[in-house]
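Engineer: So the sequences go chain by chain: A and B. Residues in the first sequence are numbered from 5 upward in steps of one, following my numbering. Residues in the second sequence are numbered from 8 upward in steps of one, following my numbering.
No lab work stands behind these hints: they were computed from the structure. You may find that some hints are simply not true.
[Unchecked claim] Below, computed lysine-lysine pairings styled on PhoX-like, alpha-carbon distance capped at 25 Å:
1) Lys-19(B) <-> Lys-397(A)
2) Lys-34(B) <-> Lys-397(A)
3) Lys-77(B) <-> Lys-317(A)
4) Lys-19(B) <-> Lys-39(A)
5) Lys-34(B) <-> Lys-411(A)
6) Lys-34(B) <-> Lys-107(A)
7) Lys-397(A) <-> Lys-29(B)
8) Lys-350(A) <-> Lys-29(B)
9) Lys-82(A) <-> Lys-19(B)
10) Lys-39(A) <-> Lys-34(B)
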Amino acid sequence: MRYKVYLVFSLVMLQVALLCGVLSSFSFLYPETLKNIVPFQQLRPMHVSAALFWIISGAVTSLLVHSNHVAVIKTANKRLINTAAGIWALTISVIFAYYTMNKYGGREYWEFPPWLCVPLLLSWTLLMIGYGRHWFSLKNKKPLYQIMWATGVLFFLLTFIEQNIWHIAWIRQSYIREVTMQWKANGSMVGAWNQMIYGTSLYIMVKMSGDKSIAENKKVYIFYFLSLSNLMFNWGHHIYNVPTAGWVRHVSYFISMTEWLFFISMIQSFKSKTSEYHRHKHLISYKFIIASEVWLFLNLLLAIMMSIPAINKYTHGTHITVAHAMGTTIGINTMILLGSIGYICKIDTAPVKIKKAVTTGYNIAQVSLLIFWLCLVVAGLTKGYRSCVLHIKDFQTMMAPIYSILKLFAIAGIGLLAGMGMIIYNYLKQLYNKRLRHE
Amino acid sequence: MGPDLTNIISSKAENNARTFIKYGTGKMPNLHLNDEEVDNLVAYLSWIDKTGKSEVNDSNIHWTGSYIIK
Numbered sequence: 005m006r007y008k009v010y011l012v013f014s015l016v017m018l019q020v021a022l023l024c025g026v027l028s029s030f031s032f033l034y035p036e037t038l039k040n041i042v043p044f045q046q047l048r049p050m051h052v053s054a055a056l057f058w059i060i061s062g063a064v065t066s067l068l069v070h071s072n073h074v075a076v077i078k079t080a081n082k083r084l085i086n087t088a089a090g091i092w093a094l095t096i097s098v099i100f101a102y103y104t105m106n107k108y109g110g111r112e113y114w115e116f117p118p119w120l121c122v123p124l125l126l127s128w129t130l131l132m133i134g135y136g137r138h139w140f141s142l143k144n145k146k147p148l149y150q151i152m153w154a155t156g157v158l159f160f161l162l163t164f165i166e167q168n169i170w171h172i173a174w175i176r177q178s179y180i181r182e183v184t185m186q187w188k189a190n191g192s193m194v195g196a197w198n199q200m201i202y203g204t205s206l207y208i209m210v211k212m213s214g215d216k217s218i219a220e221n222k223k224v225y226i227f228y229f230l231s232l233s234n235l236m237f238n239w240g241h242h243i244y245n246v247p248t249a250g251w252v253r254h255v256s257y258f259i260s261m262t263e264w265l266f267f268i269s270m271i272q273s274f275k276s277k278t279s280e281y282h283r284h285k286h287l288i289s290y291k292f293i294i295a296s297e298v299w300l301f302l303n304l305l306l307a308i309m310m311s312i313p314a315i316n317k318y319t320h321g322t323h324i325t326v327a328h329a330m331g332t333t334i335g336i337n338t339m340i341l342l343g344s345i346g347y348i349c350k351i352d353t354a355p356v357k358i359k360k361a362v363t364t365g366y367n368i369a370q371v372s373l374l375i376f377w378l379c380l381v382v383a384g385l386t387k388g389y390r391s392c393v394l395h396i397k398d399f400q401t402m403m404a405p406i407y408s409i410l411k412l413f414a415i416a417g418i419g420l421l422a423g424m425g426m427i428i429y430n431y432l433k434q435l436y437n438k439r440l441r442h443e
Numbered sequence: 008m009g010p011d012l013t014n015i016i017s018s019k020a021e022n023n024a025r026t027f028i029k030y031g032t033g034k035m036p037n038l039h040l041n042d043e044e045v046d047n048l049v050a051y052l053s054w055i056d057k058t059g060k061s062e063v064n065d066s067n068i069h070w071t072g073s074y075i076i077k
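The following block holds chain B by itself, in its conformation from the complex (with noise of 0.2 Å):
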């Protein structure tokens, strides 16, 4: 299973997240894209990053199962 990409653009950076795509990494393949698809695909998680934060506060656990966020 792969990292949670929701937020990467912001917790990485867009330069960063940009060199990683064109290039990959140790385990990550480079996919040999072209300029214009590294651009979607900055511009497709940055769109996704403005949606929210994938990582749920701290939270009390109700008596039904369910959780109350802090």
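Same shape as in the complex, but just chain A (with noise of 0.2 Å):
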């Protein structure tokens, strides 16, 4: 499988991510002079496509190489996942093609023609294909981190296709039905790649330990059922503010604390198990998982407070909304993933510079993306209070305040760009370097 060429077009996702984010956040601020230089109406839909297919693509060509070295792919299955791979690489380029010609369609988060969802679907169809033969002829498919890899995989479809479903006539008459279906759909599929993010993390975990044991246990199985009733029962907080039946809003506070209980379990049993001297020997690779563990706290207290309906009222819609976005899709699932292309790319043996510019790189990521969420969760207090409670009903003047959190808001993305570009580059290098080709 040619794993780094899709290693090399994901983390170049990701980096546009990051540039797009950067140039739109300076664009919101200061539109008098930068609306035409670098339009925010057309970086952002680059930015948020960018992030999506970021983590897509690299929660599954991670997962991918993992299975990869658990059994070997076989090469009629290898086939049909490489030419899902070029379908899936081939479309985004189009999507950003139509995106630079400022052709947009679909909905929130899919911005571009519709007509593209369609080689989107048949590149996962035929992902499902192969990954599914290799996955039903494993011998031993007890692991949890297999169960995760191919729930993700195909709770994925399912919600791609719940997503298009606005494509019906009959839910597009009834805005609210709309509205409803998209955002439960987009939620759901947070949790399919959640999945796949998580399955990684946890083989991973058990590479880095030597402990079959963390995920092949009582305890694990039963957080994965609580986990995959998240998946398809948690997206209640995303509507609290359209109509919906009142017992909604609580089966869905309950069920929606689960999963991050469900990783903070998987953590901290590894932690247990893990020696000093496997710490050591994986230091970078270890370093970005309990980064995301670190962030894994600070977004469960956030998730827990915004699936209170009655503290939701107050921050839906605001930049509390977008702190935790960001801080599970940067801080957790990106975290986790470039701990993955780390223990892929065997960036603890790379030459002590590369090793240098990862860990300087790291650092400041860790550093701007905390000062980053800071900003967006005291903007989204501040937004929630003068609307919410002071009743200020002109935008700008309920916003006045908000603008000058969200210049070091946008200070703080530079510091994120600068630091994931250092870990982007060097993880580069070091995947193209001569001792990994031989391999």
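Each chain sits in its own coordinate frame; assemble them with the hints.
Structural biologist: Below is the structure:
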């Protein structure tokens, strides 16, 4: 499998997401001078799509490489997977070509002409056939990461179809019905890629600790089923503000917390079993997993708060929602994926210069992300207070004190771009270094 | 994060909204839409406006963490 090409593609997507994110934040803050040079309305879909495709592509590539290490994927299945990856990458390139030509369509997060969902669907179907055949041929399906990877791949297909259900005229006839479906589908889709990413995290933990029982004990299986319920029902807090039945809020509040408990439990059991020796041996990959644990705790608190309807009333549609989205996609998903890619490219055996640069990038990224995240939380609290408590109607007046917070947020974004950029650049260097090329 | 547009037509009046969309403002870009596109956008926003009010009324907090609209 030409996994390096796909890893490079994923890392390029991450870099594009970061660059477009920084440019669009400045375009948002200084529209009078920048709206014609770097138009926000053009950069936002680029940023969002690049981030989305980074996470999905990175998750799939990681799970395929790790799967191949567990049991070699047969040539016929590899061919299918390579075809799927080729269609996927080509379609995404066409999507970005449309964005540069100012041509949009679809729905939020998928703001490209909707016909492009057809090759994306075809690509995913081919991937499912190739990976599915490999998965069913596995002699040992017991390790939880195998089950999680398969669950993630299957549920991405289901939620992707659900996300496109607006093509049915009946769905579009009612705005509330369509919004409910959109927010529900996107909420569940996060659960689908979390299965793939957390599965990868579990696999790395098993490999680093050398303890197979981490992925094969009663406790993790129970938590897996809880996370599966989460995937299917934790979207409730996405739709508190649209008219829904009251019981949906309470059921989803209860269930939405369990996914976080599941992951905490996984990492805690990993920590207690990993010896100091192994920690030092795989230091950089381990650092990313540790970072994801810290971000998990911060976002756990935020997610619980947001899931309480009485609090959600103030936070919905504010920067706190963005903090939650950024905190989880960057702090948790991206950290795990960077740990996984570091593990794949054997970053801990890289020359000292590369390792030092990655560590510096890591430190810059963590500090920047903390400032970035805190700015969004403070901006969200301010917006919620000014709009829901003070009832300030005029948008510009309501937002006035928030703009200064967002300036610091945009500067932190530059730090994130620089830190992550250093990691990406050095990963690419390591990925193409001579020793790895012969393996 | 931009303003909530759910009830923009009834709060700003259709003609004002139409002018904003067509020419932009200091912060909002002029998207160079033609008359038909502006009409379609205004019709869409008018349709959304009729679905309800985006502002949640005053409420009492229930002990479960939910809220009851007054």
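Engineer: Give a verdict on every hint.
Structural biologist: Do the hints match the structure? See the list:
| no. | hint | verdict |
| --- | --- | --- |
| 1 | Lys-19(B) <-> Lys-397(A) | 12 Å, holds |
| 2 | Lys-34(B) <-> Lys-397(A) | 18 Å, holds |
| 3 | Lys-77(B) <-> Lys-317(A) | 14 Å, holds |
| 4 | Lys-19(B) <-> Lys-39(A) | 24 Å, holds |
| 5 | Lys-34(B) <-> Lys-411(A) | 16 Å, holds |
| 6 | Lys-34(B) <-> Lys-107(A) | 22 Å, holds |
| 7 | Lys-397(A) <-> Lys-29(B) | 23 Å, holds |
| 8 | Lys-350(A) <-> Lys-29(B) | 55 Å, violated |
| 9 | Lys-82(A) <-> Lys-19(B) | 57 Å, violated |
| 10 | Lys-39(A) <-> Lys-34(B) | 8 Å, holds |
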